[in-house]
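Generate the whole structure from the sequences, applying the supplied hints.
What follows is each chain in one-letter form.
4 protein chains.
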Amino acid sequence: MSNSEQTYEPELTGLLVVDPYNDFLSEGGKLYQLARSTLEAHNVIDHMRQVLAAARAGGVQVFIAPHHRWRESDPYSHWKTMPPVQASAAQGHVFADGTWGGRFHPDFEPRSSEVVAQEHWLSSGFANTDLDLQLKKHGIRKVIVIGMRANTCIESTVRFAAELGYEVTVVKDAIGSFGAAEMDASLQFNLPEYASTIAATNEIAAKLSA
Amino acid sequence: MSNSEQTYEPELTGLLVVDPYNDFLSEGGKLYQLARSTLEAHNVIDHMRQVLAAARAGGVQVFIAPHHRWRESDPYSHWKTMPPVQASAAQGHVFADGTWGGRFHPDFEPRSSEVVAQEHWLSSGFANTDLDLQLKKHGIRKVIVIGMRANTCIESTVRFAAELGYEVTVVKDAIGSFGAAEMDASLQFNLPEYASTIAATNEIAAKLSA
Amino acid sequence: MSNSEQTYEPELTGLLVVDPYNDFLSEGGKLYQLARSTLEAHNVIDHMRQVLAAARAGGVQVFIAPHHRWRESDPYSHWKTMPPVQASAAQGHVFADGTWGGRFHPDFEPRSSEVVAQEHWLSSGFANTDLDLQLKKHGIRKVIVIGMRANTCIESTVRFAAELGYEVTVVKDAIGSFGAAEMDASLQFNLPEYASTIAATNEIAAKLSA
Amino acid sequence: MSNSEQTYEPELTGLLVVDPYNDFLSEGGKLYQLARSTLEAHNVIDHMRQVLAAARAGGVQVFIAPHHRWRESDPYSHWKTMPPVQASAAQGHVFADGTWGGRFHPDFEPRSSEVVAQEHWLSSGFANTDLDLQLKKHGIRKVIVIGMRANTCIESTVRFAAELGYEVTVVKDAIGSFGAAEMDASLQFNLPEYASTIAATNEIAAKLSA
Numbered sequence: 175m176s177n178s179e180q181t182y183e184p185e186l187t188g189l190l191v192v193d194p195y196n197d198f199l200s201e202g203g204k205l206y207q208l209a210r211s212t213l214e215a216h217n218v219i220d221h222m223r224q225v226l227a228a229a230r231a232g233g234v235q236v237f238i239a240p241h242h243r244w245r246e247s248d249p250y251s252h253w254k255t256m257p258p259v260q261a262s263a264a265q266g267h268v269f270a271d272g273t274w275g276g277r278f279h280p281d282f283e284p285r286s287s288e289v290v291a292q293e294h295w296l297s298s299g300f301a302n303t304d305l306d307l308q309l310k311k312h313g314i315r316k317v318i319v320i321g322m323r324a325n326t327c328i329e330s331t332v333r334f335a336a337e338l339g340y341e342v343t344v345v346k347d348a349i350g351s352f353g354a355a356e357m358d359a360s361l362q363f364n365l366p367e368y369a370s371t372i373a374a375t376n377e378i379a380a381k382l383s384a
Numbered sequence: 175m176s177n178s179e180q181t182y183e184p185e186l187t188g189l190l191v192v193d194p195y196n197d198f199l200s201e202g203g204k205l206y207q208l209a210r211s212t213l214e215a216h217n218v219i220d221h222m223r224q225v226l227a228a229a230r231a232g233g234v235q236v237f238i239a240p241h242h243r244w245r246e247s248d249p250y251s252h253w254k255t256m257p258p259v260q261a262s263a264a265q266g267h268v269f270a271d272g273t274w275g276g277r278f279h280p281d282f283e284p285r286s287s288e289v290v291a292q293e294h295w296l297s298s299g300f301a302n303t304d305l306d307l308q309l310k311k312h313g314i315r316k317v318i319v320i321g322m323r324a325n326t327c328i329e330s331t332v333r334f335a336a337e338l339g340y341e342v343t344v345v346k347d348a349i350g351s352f353g354a355a356e357m358d359a360s361l362q363f364n365l366p367e368y369a370s371t372i373a374a375t376n377e378i379a380a381k382l383s384a
Numbered sequence: 175m176s177n178s179e180q181t182y183e184p185e186l187t188g189l190l191v192v193d194p195y196n197d198f199l200s201e202g203g204k205l206y207q208l209a210r211s212t213l214e215a216h217n218v219i220d221h222m223r224q225v226l227a228a229a230r231a232g233g234v235q236v237f238i239a240p241h242h243r244w245r246e247s248d249p250y251s252h253w254k255t256m257p258p259v260q261a262s263a264a265q266g267h268v269f270a271d272g273t274w275g276g277r278f279h280p281d282f283e284p285r286s287s288e289v290v291a292q293e294h295w296l297s298s299g300f301a302n303t304d305l306d307l308q309l310k311k312h313g314i315r316k317v318i319v320i321g322m323r324a325n326t327c328i329e330s331t332v333r334f335a336a337e338l339g340y341e342v343t344v345v346k347d348a349i350g351s352f353g354a355a356e357m358d359a360s361l362q363f364n365l366p367e368y369a370s371t372i373a374a375t376n377e378i379a380a381k382l383s384a
Numbered sequence: 175m176s177n178s179e180q181t182y183e184p185e186l187t188g189l190l191v192v193d194p195y196n197d198f199l200s201e202g203g204k205l206y207q208l209a210r211s212t213l214e215a216h217n218v219i220d221h222m223r224q225v226l227a228a229a230r231a232g233g234v235q236v237f238i239a240p241h242h243r244w245r246e247s248d249p250y251s252h253w254k255t256m257p258p259v260q261a262s263a264a265q266g267h268v269f270a271d272g273t274w275g276g277r278f279h280p281d282f283e284p285r286s287s288e289v290v291a292q293e294h295w296l297s298s299g300f301a302n303t304d305l306d307l308q309l310k311k312h313g314i315r316k317v318i319v320i321g322m323r324a325n326t327c328i329e330s331t332v333r334f335a336a337e338l339g340y341e342v343t344v345v346k347d348a349i350g351s352f353g354a355a356e357m358d359a360s361l362q363f364n365l366p367e368y369a370s371t372i373a374a375t376n377e378i379a380a381k382l383s384a
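Sequences listed follow chains A, B, C and D, in order.
If you count the first sequence from 1, position 136 lands on 310 in our numbering, and the numbers rise without skipping.
If you count the second sequence from 1, position 89 lands on 263 in our numbering, and the numbers rise without skipping.
If you count the third sequence from 1, position 114 lands on 288 in our numbering, and the numbers rise without skipping.
If you count the fourth sequence from 1, position 173 lands on 347 in our numbering, and the numbers rise without skipping.
Be aware that one or more of the hints could be misleading.
Note that the list lumps identical chains together, so a pair holds whenever it fits in one copy or between two copies.
[What the hints assert, rightly or not] Quick list of in silico lysine to aspartate or glutamate cross-link-like pairs, EDC-like style, CA-CA up to 16 Å: (1) K381 x E185; (2) K204 x D271; (3) K381 x E183; (4) K204 x E183; (5) K254 x E183; (6) K381 x E201.
The set of hints was computed from the structure by calculation and includes no laboratory data.
Here's what the structure looks like:
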């Protein structure tokens with residue numbers, strides 16, 4: 175399927191906004207300095223806004239797939255094992271619940287009709303959450319993915335979505351990462367294996383608003 | 175395996191407390207009148223207390239598997255379909271978030287080291303939640319199940335646990351239902367197919383505290 | 175939703191035929207004597223044929239959800255635990271691979287365009303198999319369930335289907351069990367909680383062929 | 175955790191051999207020319223042999239996670255969507271069932287006590303298969319991953335393993351890919367986020383045989 179053939183019927187399509195936290199996307203966030211270069215290079219936040227606006231305008235249901243917020247009560251000390259990226263987030267109290275960093279960037283606050291899936295513990299928005307259920311209950315078969323960060327949560331969410339049977343689109347200039355090299359590697363080597371369409375914001379927004 | 179051969183090594187065993195809400199277990203709860211006869215006939219709440227105390231005394235990790243709490247923001251009006259038991263809970267605003275009915279019965283409030291899994295939307299504590307992950311992260315392979323209600327959430331949680339590879343014990347006088355007939359049918363026909371052990375509180379408590 | 179309002183759009187509906195093995199359904203099968211009374215009382219095999227024929231006539235995709243076939247190479251001796259119903263099937267070499275008992279009843283052999291999901295180890299056609307994926311890949315949101323046996327594989331498959339977001343119909347006279355009491359209990363207490371529609375063959379067949 | 179602290183208790187550890195097909199690993203296989211450079215550069219097949227031998231010597235249970243074998247009867251023409259990597263494998267009749275290319279490389283044929291999980295349709299050995307169940311039934315909490323190919327099936331299997339709660343080790347010179355760049359990117363950027371240990375064959379083999 176070429177990009178031009180890709181369609182986004184509103185009743186079959188969902189927009190997945192992954193981890194739109196202040197800690198990632200806002201000046202002063204705990205991970206913002208790491209993300210800044212890719213966010214600025216691709217004008218990511220503005221592109222995320224455009225895709226979100228187009229989805230809303232086109233009647234496409236919006237879903238937020240939020241990372242686990244760090245909490246004082248987290249059970250980590252009882253866990254037998256943790257992958258490095260999780261241990262690091264836990265140690266840094268990233269996306270701390272009840273703090274500004276753990277709130278969504280104001281431009282990506284969900285509207286009342288939009289779905290916030292359960293928090294995912296590691297990287298995939300689908301793993302150990304209700305995201306697959308929510309998509310099915312809404313009749314969604316195609317997902318458009320934007321947010322953070324390209325080679326971890328975005329890529330894991332895309333890989334899981336493809337395994338679960340969804341048709342996946344990645345908006346390549348509406349995702350960011352902690353460095354150009356790792357984002358380029360995801361876009362060059364991995365996402366094209368699992369995403370039916372990888373396209374830029376203007377192309378996707380045009381289709382969604384059509 | 176006979177009941178007497180069943181062992182509960184603390185490092186391998188978890189206690190699952192299913193849906194211990196005031197709406198089910200406390201006088202004045204929305205579903206208490208429906209549950210009352212089985213709760214009283216088997217002295218269920220006292221048995222739940224005894225099993226919980228024995229688990230804590232024996233160093234067995236406690237997990238709460240809580241039903242979805244009704245919220246004003248629930249997405250039901252956008253869902254394509256709902257099973258009858260879910261439609262009914264939604265309509266009745268059962269376990270309403272922020273209300274007394276949606277809080278845990280005071281005797282089953284978790285301690286800080288105990289795990290509260292994500293809320294399950296329908297009946298199985300495992301479906302679309304992090305319960306399986308939490309059990310694995312704690313190294314648990316055997317689960318002891320108590321709570322409400324025998325033929326819906328208890329039975330679905332037991333069926334899922336068995337499908338997922340856990341060794342399951344049901345404490346037959348620490349579960350309740352909306353009527354003796356449906357509870358008896360679960361205990362007679364279905365739970366024995368999936369639970370390796372079905373036993374009474376005194377037997378389980380003795381093993382846990384041993 | 176009342177039964178009369180239930181619709182079965184061919185592009186959204188799948189027929190699930192659960193465990194249609196000779197060992198269950200054919201004279202001489204290992205479990206046939208156990209199943210015989212309910213099969214005969216409700217004319218189950220004939221009803222299964224009618225539902226299957228109606229699904230095919232109506233363009234509804236057919237999926238078989240087959241139980242694990244016993245094999246010499248089964249890993250049971252290395253497993254830490256097995257639920258009773260699984261231990262029993264293993265001990266009896268039920269649905270033995272390569273034998274007549276482990277083949278589908280001739281009237282329920284799939285056509286080349288029909289999907290045979292991976293074998294399920296325990297009871298739910300969805301657990302540890304590709305059934306959910308196959309349904310999604312075909313765009314299915316509604317499932318009609320027939321086959322064996324009412325309170326184990328049928329009920330577990332129905333419970334999982336509902337948890338996974340499908341709209342479920344059970345054809346009450348196209349399922350069998352090992353006794354009237356356990357089948358009646360499933361139909362009276364449990365299936366109505368998870369199935370949106372429970373109806374007889376003539377009603378379902380009429381809708382499918384419409 | 176540093177690599178030197180990583181332990182592999184035989185009763186808790188499983189070796190996952192991913193997609194050890196002739197089509198990948200043997201001269202004349204359909205994908206061998208694509209894989210050849212990385213296989214040779216890192217002496218991958220010999221390293222896979224060494225890890226497997228060490229696992230067997232050390233009493234570590236072996237699991238094969240095999241990719242879907244192409245079959246004439248595959249349902250692809252009825253599927254609504256397919257990710258690119260799957261469409262490509264389908265078109266190329268890769269790992270064709272009943273052919274030499276779809277058989278395991280002779281050095282990685284499982285012994286009778288070793289587990290062959292259900293075939294995975296896309297990339298993760300866990301998705302829509304019984305791999306998680308098999309690991310749990312054997313009491314496994316730690317997995318060591320070898321095989322093909324680094325940035326698709328290996329990385330997806332590792333990401334899923336981590337999401338599901340397993341402690342993951344990748345043997346970096348016992349995996350191959352279709353090019354150094356994509357393998358390096360996986361090893362540099364992605365696998366270190368999810369694998370607790372990434373080490374060479376000699377280090378892992380020494381620990382397994384210890």
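Here is what the structure says about each hint:
1. Only within a single protomer do K381 and E185 lie at most 16 Å apart by alpha-carbon distance; the minimum there is 14 Å, versus 25 Å between protomers.
2. When the C-alpha separation of K204 and D271 is checked against a cutoff of 16 Å, the pair qualifies only within one copy, where the shortest distance is 13 Å, while the shortest distance between copies is 31 Å.
3. Taking the shortest alpha-carbon separations for K381 and E183, only the intra-copy value of 10 Å comes in at or below 16 Å, while the best inter-copy value is 28 Å.
4. Neither within a single protomer nor between protomers do K204 and E183 lie at most 16 Å apart by alpha-carbon distance, with minima of 37 Å and 38 Å respectively.
5. Taking the shortest Cα distances, K254 and E183 sit within 16 Å of each other only across copies (14 Å), while inside one copy they are farther apart (44 Å).
6. Taking identical chains as interchangeable, the C-alpha atoms of K381 and E201 are never at most 16 Å apart, the minima being 31 Å within one chain and 46 Å between chains.
Comparing the model with each earlier hint shows violations of hints 4, 6; every other hint is respected.
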